Amino acid sequence: MSTTIWIFIVVLAAVVGAVAGFFIARRSMETYIKNNPPISEEMMKSMMTSMGQKPSQKRLNQMMAQMKSQAQTSSKKK
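The UniProt record's numbering applies: residue 1 is where the sequence shown begins, and numbers increase by one.
Fair warning: there could be bad hints in the mix.
Computed spacing ranges between beta-carbons, pair by pair [said to hold, decoys possible]:
| id | residue 1 | residue 2 | range |
| --- | --- | --- | --- |
| 1 | Met43 | Ala20 | 50 to 58 Å |
| 2 | Thr49 | Gly17 | 44 to 52 Å |
| 3 | Val15 | Leu60 | 28 to 36 Å |
| 4 | Leu12 | Ser46 | 23 to 31 Å |
| 5 | Glu42 | Val19 | 14 to 22 Å |
| 6 | Thr73 | Thr3 | 32 to 40 Å |
| 7 | Ser2 | Tyr32 | 41 to 49 Å |
| 8 | Trp6 | Glu42 | 24 to 32 Å |
| 9 | Ile9 | Ile39 | 17 to 25 Å |
| 10 | Arg59 | Ala14 | 48 to 56 Å |
| 11 | Ser2 | Pro38 | 20 to 28 Å |
| 12 | Ser28 | Met51 | 28 to 36 Å |
| 13 | Ile39 | Ala18 | 27 to 35 Å |
As a list, the in silico SDA-like pairs of lysine to any residue whose alpha-carbon atoms are at most 25 Å apart [to be verified]:
| id | residue 1 | residue 2 |
| --- | --- | --- |
| 14 | Lys76 | Glu30 |
| 15 | Lys76 | Ile24 |
| 16 | Lys45 | Asn35 |
| 17 | Lys58 | Met48 |
| 18 | Lys34 | Ile24 |
| 19 | Lys76 | Pro38 |
| 20 | Lys45 | Val19 |
| 21 | Lys34 | Lys54 |
| 22 | Lys54 | Met67 |
| 23 | Lys45 | Lys76 |
| 24 | Lys54 | Gln66 |
| 25 | Lys76 | Ile39 |
| 26 | Lys34 | Lys58 |
| 27 | Lys34 | Lys45 |
| 28 | Lys68 | Met44 |
| 29 | Lys45 | Met64 |
| 30 | Lys76 | Ser40 |
| 31 | Lys54 | Gln72 |
| 32 | Lys34 | Met1 |
| 33 | Lys34 | Thr3 |
| 34 | Lys76 | Met48 |
| 35 | Lys34 | Val19 |
| 36 | Lys68 | Val19 |
| 37 | Lys34 | Gly52 |
| 38 | Lys58 | Ile24 |
| 39 | Lys34 | Thr73 |
| 40 | Lys76 | Gly21 |
Simulated from the structure, these hints should not be mistaken for laboratory data.
Bear in mind the structure is a predicted one, so any value in this text is a computation, not a measurement.
Backbone N, C-alpha and C fix where the C-beta goes; we use that ideal spot for every residue, glycine too.
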């Protein structure tokens, strides 16, 4: 085989690997963020306390449910 065919095969393999790696990494990050949300209930509680609000459990549950539904609607749009 000539050298140009080998170069073409190497370049093609690199491009295919890069594209496949991008989509695999994207999917794994989406599932990680879905399973481990960036803001937890404790973080939200401390944030509300620092803003001078007394966080009730009911309000925290409402805010967490709202964030979860917002995340689900944004993932369905894609």
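Hints versus structure:
1. Met43 to Ala20: 50 to 58 Å: Violated, since Met43 and Ala20 (Cβ atoms, about 35 Å apart) do not stay within the stated range.
2. Thr49 to Gly17: 44 to 52 Å: This hint holds: roughly 48 Å between Cβ atoms.
3. Val15 to Leu60: 28 to 36 Å: violated, 48 Å
4. Leu12 to Ser46: 23 to 31 Å: violated, 52 Å
5. Glu42 to Val19: 14 to 22 Å: Since the Cβ atoms of Glu42 and Val19 sit about 39 Å apart, the hinted range of 14 to 22 Å is violated.
6. Thr73 to Thr3: 32 to 40 Å: Given range 32 to 40 Å: violated, Cβ gap about 53 Å.
7. Ser2 to Tyr32: 41 to 49 Å: holds, 45 Å
8. Trp6 to Glu42: 24 to 32 Å: violated, 56 Å
9. Ile9 to Ile39: 17 to 25 Å: violated, 47 Å
10. Arg59 to Ala14: 48 to 56 Å: holds, 52 Å
11. Ser2 to Pro38: 20 to 28 Å: Distance hint for Ser2, Pro38 is violated at roughly 52 Å.
12. Ser28 to Met51: 28 to 36 Å: holds, 34 Å
13. Ile39 to Ala18: 27 to 35 Å: holds, 32 Å
14. Lys76 to Glu30: holds, 12 Å
15. Lys76 to Ile24: holds, 19 Å
16. Lys45 to Asn35: Within the cut-off at roughly 20 Å; holds.
17. Lys58 to Met48: With a Cα-Cα distance of about 13 Å, the restraint between Lys58 and Met48 holds, given a limit of 25 Å.
18. Lys34 to Ile24: holds, 15 Å
19. Lys76 to Pro38: This hinted pair holds, its Cα atoms lying about 19 Å apart.
20. Lys45 to Val19: With a Cα-Cα distance of about 41 Å, the restraint between Lys45 and Val19 is violated, given a limit of 25 Å.
21. Lys34 to Lys54: Distance ~28 Å between Lys34 and Lys54 Cα, so the pair is violated.
22. Lys54 to Met67: Holds, at about 20 Å.
23. Lys45 to Lys76: violated, 28 Å
24. Lys54 to Gln66: holds, 19 Å
25. Lys76 to Ile39: holds, 20 Å
26. Lys34 to Lys58: holds, 23 Å
27. Lys34 to Lys45: holds, 20 Å
28. Lys68 to Met44: Holds: Lys68 and Met44 sit about 14 Å apart, inside 25 Å.
29. Lys45 to Met64: holds, 11 Å
30. Lys76 to Ser40: With Cα atoms ~22 Å apart, Lys76 and Ser40 stay inside 25 Å; holds.
31. Lys54 to Gln72: violated, 28 Å
32. Lys34 to Met1: The given pair, whose Cα atoms are some 48 Å apart, is violated under the 25 Å limit.
33. Lys34 to Thr3: At roughly 47 Å apart (the allowed maximum being 25 Å), Thr3 and Lys34 break the hint.
34. Lys76 to Met48: violated, 29 Å
35. Lys34 to Val19: holds, 23 Å
36. Lys68 to Val19: Roughly 30 Å separates the two Cα atoms, so the pair is violated.
37. Lys34 to Gly52: violated, 30 Å
38. Lys58 to Ile24: Given that 25 Å is the threshold and the Cα spacing comes to 38 Å, the pair is violated.
39. Lys34 to Thr73: holds, 12 Å
40. Lys76 to Gly21: With Cα atoms ~23 Å apart, Lys76 and Gly21 stay inside 25 Å; holds.
Consistency with the previously given hints fails for numbers 1, 3, 4, 5, 6, 8, 9, 11, 20, 21, 23, 31, 32, 33, 34, 36, 37, 38, ordered from lowest to highest.
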